[in-house]
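Chains as they are written, first to last, in my numbering: chain A, 1 to 228; chain B, 1 to 228; chain C, 1 to 228; chain D, 1 to 228; chain E, 1 to 228; chain F, 1 to 228; chain G, 1 to 247; chain H, 1 to 247.
It should be emphasised that the hints constitute simulated quantities derived from the structure, not laboratory data.
On a predicted model such as this, the values are computed, not experimentally measured, just so you know.
Don't take every hint at face value.
Subject to a maximum C-alpha distance of 30 Å in a straight line, what follows is the list of computed DSSO-like cross-link-like pairs (lysine-lysine) [what the hints assert, rightly or not]: (1) H:LYS49 - F:LYS168; (2) A:LYS189 - D:LYS195; (3) H:LYS49 - H:LYS217; (4) F:LYS56 - D:LYS195; (5) E:LYS209 - B:LYS168; (6) G:LYS217 - B:LYS195; (7) A:LYS189 - D:LYS189; (8) H:LYS179 - A:LYS57; (9) F:LYS168 - H:LYS179; (10) H:LYS86 - A:LYS195; (11) G:LYS179 - C:LYS57; (12) A:LYS168 - D:LYS57; (13) E:LYS189 - C:LYS195; (14) H:LYS86 - G:LYS48; (15) A:LYS121 - A:LYS195; (16) H:LYS205 - F:LYS209; (17) E:LYS164 - G:LYS179; (18) G:LYS49 - H:LYS217; (19) F:LYS189 - G:LYS32; (20) C:LYS189 - G:LYS206; (21) B:LYS168 - E:LYS56; (22) C:LYS195 - B:LYS195; (23) H:LYS206 - A:LYS195.
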Amino acid sequence: SSMESHFGEFIVEMEKSGNIRERIRSLASEIEATNRVMHAGLLLAHQPLPIPEVLKKAESQRGVLRDLYGRLAEILHECPGQYYRFHGDWRSETQTAVSLLSFSHWLETGSLLTHAEAENKLGLDTSEFGLDIEDYLIGLCFMSNELPRYVVNQVTNGDYDCPKNVLKFLTELHSAFRMLNLRNDFLRKKFDGMKYDLRRVEEVYYDVKIRGLAPVESAQDHITLDGG
Amino acid sequence: SSMESHFGEFIVEMEKSGNIRERIRSLASEIEATNRVMHAGLLLAHQPLPIPEVLKKAESQRGVLRDLYGRLAEILHECPGQYYRFHGDWRSETQTAVSLLSFSHWLETGSLLTHAEAENKLGLDTSEFGLDIEDYLIGLCFMSNELPRYVVNQVTNGDYDCPKNVLKFLTELHSAFRMLNLRNDFLRKKFDGMKYDLRRVEEVYYDVKIRGLAPVESAQDHITLDGG
Amino acid sequence: SSMESHFGEFIVEMEKSGNIRERIRSLASEIEATNRVMHAGLLLAHQPLPIPEVLKKAESQRGVLRDLYGRLAEILHECPGQYYRFHGDWRSETQTAVSLLSFSHWLETGSLLTHAEAENKLGLDTSEFGLDIEDYLIGLCFMSNELPRYVVNQVTNGDYDCPKNVLKFLTELHSAFRMLNLRNDFLRKKFDGMKYDLRRVEEVYYDVKIRGLAPVESAQDHITLDGG
Amino acid sequence: SSMESHFGEFIVEMEKSGNIRERIRSLASEIEATNRVMHAGLLLAHQPLPIPEVLKKAESQRGVLRDLYGRLAEILHECPGQYYRFHGDWRSETQTAVSLLSFSHWLETGSLLTHAEAENKLGLDTSEFGLDIEDYLIGLCFMSNELPRYVVNQVTNGDYDCPKNVLKFLTELHSAFRMLNLRNDFLRKKFDGMKYDLRRVEEVYYDVKIRGLAPVESAQDHITLDGG
Amino acid sequence: SSMESHFGEFIVEMEKSGNIRERIRSLASEIEATNRVMHAGLLLAHQPLPIPEVLKKAESQRGVLRDLYGRLAEILHECPGQYYRFHGDWRSETQTAVSLLSFSHWLETGSLLTHAEAENKLGLDTSEFGLDIEDYLIGLCFMSNELPRYVVNQVTNGDYDCPKNVLKFLTELHSAFRMLNLRNDFLRKKFDGMKYDLRRVEEVYYDVKIRGLAPVESAQDHITLDGG
Amino acid sequence: SSMESHFGEFIVEMEKSGNIRERIRSLASEIEATNRVMHAGLLLAHQPLPIPEVLKKAESQRGVLRDLYGRLAEILHECPGQYYRFHGDWRSETQTAVSLLSFSHWLETGSLLTHAEAENKLGLDTSEFGLDIEDYLIGLCFMSNELPRYVVNQVTNGDYDCPKNVLKFLTELHSAFRMLNLRNDFLRKKFDGMKYDLRRVEEVYYDVKIRGLAPVESAQDHITLDGG
Amino acid sequence: SDCGLCCVREARAAMTSPGNIHVRHLLGVNDKRERVVKASRDVTMNSKKVIFQVHRANKDNKEEVLSKAEKDLAATTEQHMSRLVKELQGTDFWKLRRAYSFGVQEYVEAATFCRFCRKGSLLGLNEINSTLAPLSDQNDEPLQINALDYLLGLADLTGELMRLAIGRISDGEVDYAQKIRRFVQDIYRELTLLAPLMDDNAEMKKKMETMLQSVMKIENVLLTFTAMNDHGGSTGDGNHGRRLRRT
Amino acid sequence: SDCGLCCVREARAAMTSPGNIHVRHLLGVNDKRERVVKASRDVTMNSKKVIFQVHRANKDNKEEVLSKAEKDLAATTEQHMSRLVKELQGTDFWKLRRAYSFGVQEYVEAATFCRFCRKGSLLGLNEINSTLAPLSDQNDEPLQINALDYLLGLADLTGELMRLAIGRISDGEVDYAQKIRRFVQDIYRELTLLAPLMDDNAEMKKKMETMLQSVMKIENVLLTFTAMNDHGGSTGDGNHGRRLRRT
Ligand SMILES: [Mn+2]
Ligand SMILES: [Mn+2]
């Protein structure tokens, strides 16, 4: 019938998009597995090991991740303009990846992984397939959640410098986030949680400082904190 | 700090997309209101009124709808490639609109509103902002859900021809849908519900026929049904 | 201390409003008990009993209800302007009361209990303590939910007139509601449910009619339905 | 039909109250935004900055807040006796506002912002549209929640006087609250949380004192504490 | 470490069984697709077509099904004793397959597909990988759900013999089920549904009989029915 | 009907037990209020006041409490054997009462309030209405939760003897609890909390000791502590 | 070490007094609750079997099937309810209620179901409790099923009656189904008054909803089967057909 | 009547073949599942007792208490795990898993807890399974605890280790607590990799969250107790005090 011929047109199109979705989902689950391995590696940061050793494992996954995002980009190039159609299928994995990359970046350099650096580490180019800003920011919130535990364990492992550095970093990050006018959504909720991380790190820093364990501050430190 | 300047870049971008989303949501709620008025008009089809009178009210909203979709298209033209980013904000209203347009089309012509006709009625052009196929198909499922009630009320109002015609239409629609290889998602669930509509219409046709109320079938009818 | 004297001022005021709330809650639970007895009485409508007998029990509670609302009004007169402060404590009971009163009114007269009549039956005056319109409307929705079951049982009990009358009443009620521009809230949700009641009654009417059990319609009936 | 004319009466009334609610909600979200800005300013109190500088930002928002509450009052004057009908739409924002105003007041003066002072700062007059006592009290509880963090950071920043002063203030506030006979509701729950703030401040005071960091107490101090 | 090697073994094991599960799920979705095709064929039974033609399409899928179950059996042979570990992944598809096979068997022979015959048609051997009895029984319930629709459409298509035959079959099936002690909730619920099918078929049978459309019954028929 | 009279008996019974429950709940809330007053008195223990003065207020409530439990016992005598039917309605208040009584007992005597003494203070006889052992034990856990705060404040107030005494008491209490087989989840969780109290008290003890503030220990003390 | 010992000593002393079950439970010696749970599970299982047995009855085998079901019920009473009776006394009825409530509810469901099928009437709580009395030779306070468990069991009964009604209609016993409808409507109405008065009525509230579904299922089936008794098309000549099957 | 009979006849025939447990279950004759549930409940109860027993250990009574706990564990194995072993064989392991899984998890928790307290090491699944082997004299396929239940039990173990760590710290055994921290961190890390691979991992996902809470509780307690070892004020002269107690 004419109805059948009409529906016939849809078959190809639905097959095509269904196929793309399936390939994306399969890639997303590979990304998740890679994240898992990287996460397990970074968990060693809580134990008294030298940082380079901790980073080694995470680093080894970075190539894998880059490769997977490369394959994801290829698929998306097949269907221009449909980035956001399939976004839901990989976004949560990307947020986790950002949180892991930014945590290991911070361990290594003590500074924030920028949006551009994150895109770079994932091998993304901003032209067609970039890193969604919200995903980047949510990833940073997830990273922040790891910091209080890290500080606690570092102090237990005898590193009394750590709380002050983390506090400085987190205070700056928190106040940078506050500049954004967040809607009442998932990102806002995650950001609201960041204040508990900050408070916990302040507490640990207080504990270290009142016991006279923190290294003596120079005047310069003060200035940096004020501007944070 | 450098972190602040880095976050400063996000402010503009997030403001911009937040603004677009707000405008889209506001349009979507206007579409919803228009759908309600159109729906109220089509509900008269369940009462013993002449079809043209029923369609009059619905028709008057078509212009409004077209205008609203025109404004939606304009917004989307501002942010090329992001159709699917905001799709979730208007898709449910569009599905309802399709269901109403296809029901009134069927009342008027007895035939299925095609995808192209639906786009045309909504004033959409396929180049940038077309009607998503799944939304179209879900709209048809919603329309199918209205048919059993329509048949029951028509028979109550003394129109014994109706069940047979509806049955023929629905049988064809159902078998056209069956050609599609649906994933396990919302559309599939909606389509699975269509069989209950079909069954109910068959029951009404049975009621009418066993009581000798249905008009005598010609041989030709038989053939058409066979091919359905 | 000065803080204590400052807080001392609050004690009296909080005691007072706490006391009022307690009395209102206690009254509300008496209203609920009265509703329960009235409801149990009206459940007899589903059994083959003469209507007057069914109504007798419900009627006997009407005096009790009126008395309780009288006492509620007295309390509210003690704290002018605070009707809505305590509204949440009795509104659900009032909605149930409206549904029961309007159902028994319909059983008796076949017509809708108006807002003014409902206020009158509850002994409320509109000046200070009236019946909130939304509570009234929600009560009507609850009443509508009872009608399909009533129709089913009446037909089983041999009353074949019933479906048509109920259908006429419900169709009118439904279309009157549709005139209102309801927000997306509780009332809207309840109203959306009314369409299932309507559909079920249509089905029963269809069953009766196709089997030739419904009394023959006069032309006048048609006209009334058309205008519904 | 008569039913339609009956419902017609409701349309105007529902439109009116719906419109008021919408305006109130929009104002409430403006209040929320203002609170956010004020909060961001007060967060600087946790860093080693001079108090006046911290207060400057918060103060600048006080005019905005006052203006917004003025507009809220105007709307409520349109519908006398319905303060509590819409109370739920702005109460949470008002509680936050009270917490911020009382915190900045305490930073400035070291004393509690009274209910009358709070009304005054918000530009409310008690006749028609006053500050609900519970909202005021909940606001104080929220303020109390900020104090432990403040004390911890002040000590970290080298101010060893702070714990004692805060402890004195909080002990008095807590014991003033205890005079109230709170029902089992939200306020009670918030107040119950205040004891954790008190305990934490006691702990910090202990830390400072056992290390001989606290300034020597005079006999007078002792007396004040005893009476707290 | 030894812990790592110990857990490493589990990872291998879990990956292995995860792999098996994946292969099973993929097979299950192939079975589902095959069921859909077979179902589409059998749906033609509701239209006025000769039975052999209807069965042809279904039959063609039987080989496919048998092949798929063969591959399923192979996978299960790789992990002896773990039939029930993965059972949940294919059981619903198997129930559907049984319902389709038993329906087409009944269309062809008028008799029930036994458990052994079902296993045979699926190419299963009872030793390692048999057909779970509950799946078989649930499949029969699903088949029963199709019968009322079949009867209604057959009568509409002019076959007045059909109701009596179906009624006899269903009555026997129902009374056979009654012998089982069904404590399994799902199966029992499905069996409860069979009562509705039976009732509906009976209803159609009486509709036909009352109008003198049914072929003349012999005395023997009566007895069987009453004793059903 | 006989059914009505049968159910009528249940209504009487349920109303009776509902009435009992209401009276018990009302008593429970009086007990709670008394506990609050007693608690407020005992909170003074955290300030530098002589113990007898602190105990005076608590003591004055003991008569009230005893009276309330007397009335509770009377109600329970009306429904013999139903102690545990209503237990949930007063158990939490009783646990609090035990915690307060045992805290004031410890302040006064330095020893543990035994189960028999607790029953005695509440005026309970073990025959019909005794003190449930779990309630008693949970009460002790609650008391333990107060001790760290007490120790901290006592040290702040200059009493350096206190930590050692509390530590000895708590160590013994903890090891006594360890003898019990706690499978009850709530009690076990509370007991887990006791470990934290113990740890905190120990910490304060060492803080004091390390600074030479604690009175000189004899060798014997050491042994007891180590073995705790 | 005085403090600790006193507490434990006390508990140990209490252990020796056999009536003081809560202390012994606390010390992990007493497994009464566990035994009650096990007995309750057995009561549940066997009661379910009785109910299913009753569903097998039809016009022809009714006497035989019902007798068998009643015998099974009696066996459940003697073998499993008796274990509950032996374990429970006095304060246990309420203290351990959660451990046996489900079993007792299912038992009430089975017993009242048998009675309805036998006599068409409601088996009262007193009657059930009087059958439990002889099981306790040793206690002065024999187990009494409380009204709450009885009413909760009754609520479940309506589900079985719904199944029964639909089955009876399929067998042509429409009048019997009408009788069930009336019976179930009455129970529902009475429980409407009672449910909100019951202790902790969340469970009952949920059952009330299920019960209303069951009542309406019966009503809807009866609608098409009795009232809608077709008269042979719009000519409406029929006083034959199914209506003849009713008597 | 052919149709009905064939179905039932088949079922009845199947009943006579003892291996075909699912048919017999369906006909209500087989109560194996019920017996497995009961045995599992007993295993749970007795394992919990063993765990609590181990918590009573301190430096002084460690040997005595641990030996008693190990004896109780062995008794649980012989008296109750053996019942599971007797009931289960072959396909039952997976078909009836839900009926015994909780008991086995608790048993794993108890056994691994004993081993950690005794030797500070992780008791492997193979070791547990080898203790079960001798219990089955009749089966050729003796019960093997599967990896899923073992890992789920291990997840619960961390909760007990958390309690142990806090208790040990209060007793001054800070180094022991450090050892527990390390052990629990390792388990958590390994399970991070494993959890998502497990069948139906919703249960494990929930346990992972609880486990992280437990790990962090240990870490936080250790923070204040070791690192924060106070040096006697800001003068920081101290190399004495608590630090001396560690060794
Ligand atoms: Mn049941
Ligand atoms: Mn555990």
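Hint check:
no., hint, verdict
1, H:LYS49 - F:LYS168, "holds (28 Å)"
2, A:LYS189 - D:LYS195, "holds (26 Å)"
3, H:LYS49 - H:LYS217, "holds (24 Å)"
4, F:LYS56 - D:LYS195, "holds (23 Å)"
5, E:LYS209 - B:LYS168, "holds (27 Å)"
6, G:LYS217 - B:LYS195, "holds (22 Å)"
7, A:LYS189 - D:LYS189, "holds (23 Å)"
8, H:LYS179 - A:LYS57, "holds (24 Å)"
9, F:LYS168 - H:LYS179, "holds (27 Å)"
10, H:LYS86 - A:LYS195, "violated (56 Å)"
11, G:LYS179 - C:LYS57, "holds (24 Å)"
12, A:LYS168 - D:LYS57, "holds (22 Å)"
13, E:LYS189 - C:LYS195, "holds (28 Å)"
14, H:LYS86 - G:LYS48, "holds (27 Å)"
15, A:LYS121 - A:LYS195, "holds (28 Å)"
16, H:LYS205 - F:LYS209, "violated (45 Å)"
17, E:LYS164 - G:LYS179, "holds (28 Å)"
18, G:LYS49 - H:LYS217, "violated (50 Å)"
19, F:LYS189 - G:LYS32, "holds (23 Å)"
20, C:LYS189 - G:LYS206, "holds (21 Å)"
21, B:LYS168 - E:LYS56, "holds (24 Å)"
22, C:LYS195 - B:LYS195, "holds (21 Å)"
23, H:LYS206 - A:LYS195, "holds (25 Å)"
Of the hints listed earlier, those the structure fails to meet are numbers 10, 16 and 18, in rising order.
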